[in-house]
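Chemist: Construct all of the structure, not just a fragment, from the sequences and the given hints.
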Amino acid sequence: MPGPKMIRRKFLRNSLGLATAATAVSLSGCSGKKDASRRGQITFGSYADPALDLLKDVFLPEFERATGIHTEWVEADFSGWFQKALNDGQTKTGAFDIYVMDDLWVPRFAGAGYLANLDELGFQPDADFVPSALDLGYWPPKTGLRQPGIDAKAKSTLYSLPLISDCQLFFYRNDIFSSGSPATWDDVLQMARQKSDPARRQYGWVTRGVKGNPIMNSFFVLLHDFGGDIFGENWKVVINSPQAVEALEFYLKLLQYAPSGVAEFDSDQEGATLLQGNAFAATMWTGWCPQTDDPAKSRVVGKISFDVPPRNIKQVAKLGLFMAGIAAAAPNKTGALEFFKWFSNPSVQLRFARAGGAAFRTSALKDGEAQKKGRWLDATLRALTCGMPSPRTSDWSKVEDILGTQLNKALLEKGNAKRHLDAAAAEATAFLKGAGYPVA
Amino acid sequence: MMPTDGRSTWIPRLLIAPTVICALALTVLPLGYSVLTSLREFPLGQSPVFVGLQNYRNLLHDANFHSSLGTTLIFTVVATAIEFVVGLGLALLLKEEFSFQGVIRSSLIVPMAVAPVVVGIIWRLLYGADVGLFSFAVQALTGKSISVLSSTTLALPALILVDIWEWTPFMFLILLAGIQSLPQEPFEAARVDGASSWNIFLHLTLPMLKPVIVVSLLIRALDAFTVFDQVFVLTQGGPGTATEVATLMIYKTAFRFSQFGYGAAMAIGLLVLVMSFSAALTRVFKSSI
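For the record, the sequence lines run as chains A and B. When you line the first sequence up against our numbering, it's residues 3 to 442, in that order. When you line the second sequence up against our numbering, it's residues 1055 to 1343, in that order.
Derived from the structure by calculation, the hints contain no laboratory data. Note that the structure is predicted; figures quoted are calculated from it, not measured. A few of these clues could be false.
[Stated by the list, open to error] Capping the alpha-carbon separation at 25 angstroms, the derived lysine to any residue pairs in SDA-like fashion look like this:
1. 416(A) to 1295(B)
2. 94(A) to 1175(B)
3. 255(A) to 1175(B)
4. 299(A) to 1103(B)
5. 238(A) to 1117(B)
6. 86(A) to 1117(B)
7. 416(A) to 1200(B)
8. 1198(B) to 238(A)
Modeler: So, in C-alpha cells, the structure goes:
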C-alpha cells in the first residue's frame, strides 16, 4: 500500500518542527554545560611557558582531587594570549575564570577593571608571602609613582597573586669563575677579557639584543646597578642621566666579548649559547635554571651556578613574575578563589618548591629539602628580596619599545651611548606628554 | 524578465537577504567599527572618549609611521618586481612538455604551501648568526662571520628574499596558466615569418599576457603591502627600525601598547593607501584589462 503523499506544506511543517526540536535540544545542552561549569569547573587562560608545566601537570590534578573542582587549561603563545585576555576582559564574556599574566599586565588589567578585587572576595595574604612578589598584585601600586588618572590617595587593592616567582638571576660558569660568584660587574668584564676566545666560540658574556622588551630587560639590571633609573620625580624620563650613560657604555664594553649576532638574540638564543657551553655568564630568568642540570638540554651540567646579579653602586635583580588574577566576569569566582587559597597554602607551596617549582612563600623558598632539589632557590629568594619590577604604568610597553629601540641602535653601532639615550629620553618624553603625564 | 506580480519582487530579495546580511556583517560592519574606533581614545579604566580626527592629525606628524610606510613601500616594490621577473622566467622555461614536468612544477610550489610563520622560523634558522647556513657559507668563503638579521643594511633585503622564496611560485603559477591559455596561431605565424624568440616574446607574448600580468602584480603587491608574519618572526621590526613595516607598527600600537584608537587610525590610513595604490595600478593598465 502506498504511503501518504508528502505535500510541500507538510514537508515544510515537518522540517520546521524538526528544526525547532533540534534547536531546543542544543540550547538545553548548552545551558546544561553552563550549569555544570558553574558547579565545579574553573578555566585558566595562559601563555605557554615551560615554567608552568609543574603546575599544569602535577598540581592542578592534585587540586582537582582535593576539591572536586574540575580545571581546564587554555593556552596560546605570549602575544596571542595577551590579545585573547584583553578581548575577554573588555567584552566580559566570561570565557575564563583565571588569567595567567606577566606582571607587566597587572596595571593594564587591574586599571581597566578586568580583574576581580581579591580583597572583596575575601583573600587574605599573610606575612610569609615574599613581599616584593605580592606587591606586584596590587593596583594602584603600593609605592612609587602613580600614572595620571589614578587618584594619589586611592587605596592599593589586591587584584592578583604571584603564581611563579620568576626573576633574573646571574648565571655563571663555576669552572671559569673558580673562586665563586663575581662580586662586581668589573669582575665579570675582567674575566671576559681574560678568557674569551671567539675562535673557539668561548664568549665572556651573552645577552638578549633584540629591540624592545628583550634588550630593555637585559639592560635593566645594569642600569639600576650603576645608579640609573628610567623615571624620576613626576615621571620625568631620566634614562639619559650620567649614571645611565655609564651603564650603557659598560654594557657595550661587555658586548665586545659576546657572540657577533647578539643583536638578534632573544631568550632562546641566549639560553642556548649558555647551555651549549659557549658563554661564561648571563643574566637570565629563573625558568632556565632547571634546564642547566638537564643532560638532554645542557652540555654544562653542574657547571652553572646562580646568584643575584653583581653589584656596582647598587645590587638589583629584575622581577618578572607570573601572576594570576580572577576575571571580573569569571563564571566561577568561588572556584577560582578556592584555587588561590589552595595553591597559596603553606603546605602546597612547600611541596611545589620541593618538586622544583619557584614558590612565592618565603618559608617554601628557604626550605632545605627544596633548596637541595632546586639549587637556585636560595639565589631566587635573595633576588626577589632586592628585586625591582618594570615601572608600574599601563603605558610601560610603549616606553619600553622606545627605549629598547634606541638601545638596540647603540648596540649595532657599538657606541654613541649618550646620543641614543638622549634620543630615547626625548621620544619617551614626547609620548608621555601626549598621554597626559605631568612631564616637565 | 520583468516581474509580473507583487510576490515575485520580494521573494528574490528575501532569498538573497541572508547572503547580503552575511557579507555586510563580515566586511562593512568591522570596517565601520574600525572607523568608529579610530575616532576614539580608550583611557585606562574609563569609557572610550570621542576625539574626532585627532588620531588622524597625529598620524600626519608621526615620523615613525611615515618611516614604516617607506619601508613597506620598498619591500612591496622590490619583492613584487623580482617575484614577477623570476616567476615569468620560470613560466617561460617550464611551459613546454618535458620529462618529470609534474614533479618539478609541484616542487616549485611547495614554498607557497608552507605557513608564513613556519617560513619565518625556517629562515630564522638559515640566517642565524651562530648556526645559520648563510653565516657558515660566508665564513667559509671570506673568513669573516656575518649576522644577517642584525645588520641594518642586510635585514630588509633578507626579508625580501624570504618573500621572494615564498611567493615567486604564485607568480609562476598564474603566469604559466596565462601563457598556456594564449592562442597558438599568432606564434606559429611569427615563426613562419622568421621572427626571433626575443621578438616573439617582446611583441607577442608580453602584450597578449598583459591582463594576466596586471592581475598577478596587483594581487602580489596588495599582499606584500600587508606583510606581517615573516617580519614578526624574523626581526620584530629590527635591527633598530630597519624592518619596521606598517602592519607590525599597527599591531604593536593596538595590541601591545593598547592605543586602540590610534592603531585603528593607522589601519584606516594604510587601507586608504593600499586602495589608492591599487586604483593607480589599475588605471595605468586599464586599457589592457
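Chemist: All the hints need checking, so say for each whether the structure fits it.
Modeler: These are the hints, each one checked on the structure:
1. 416(A) to 1295(B): holds (16 angstroms)
2. 94(A) to 1175(B): Roughly 35 angstroms separates the two Cα atoms, so the pair is violated.
3. 255(A) to 1175(B): This hinted pair is violated, its Cα atoms lying about 31 angstroms apart.
4. 299(A) to 1103(B): At roughly 51 angstroms apart (the allowed maximum being 25 angstroms), residue 1103(B) and residue 299(A) break the hint.
5. 238(A) to 1117(B): Holds. Residue 238(A) to residue 1117(B) sits at ~23 angstroms (cutoff 25 angstroms).
6. 86(A) to 1117(B): At roughly 30 angstroms apart (the allowed maximum being 25 angstroms), residue 1117(B) and residue 86(A) break the hint.
7. 416(A) to 1200(B): At roughly 16 angstroms apart (the allowed maximum being 25 angstroms), residue 1200(B) and residue 416(A) satisfy the hint.
8. 1198(B) to 238(A): Distance of about 44 angstroms is beyond 25 angstroms: violated.
Comparing the model with each numbered hint stated earlier shows that hints 2, 3, 4, 6 and 8 do not hold.
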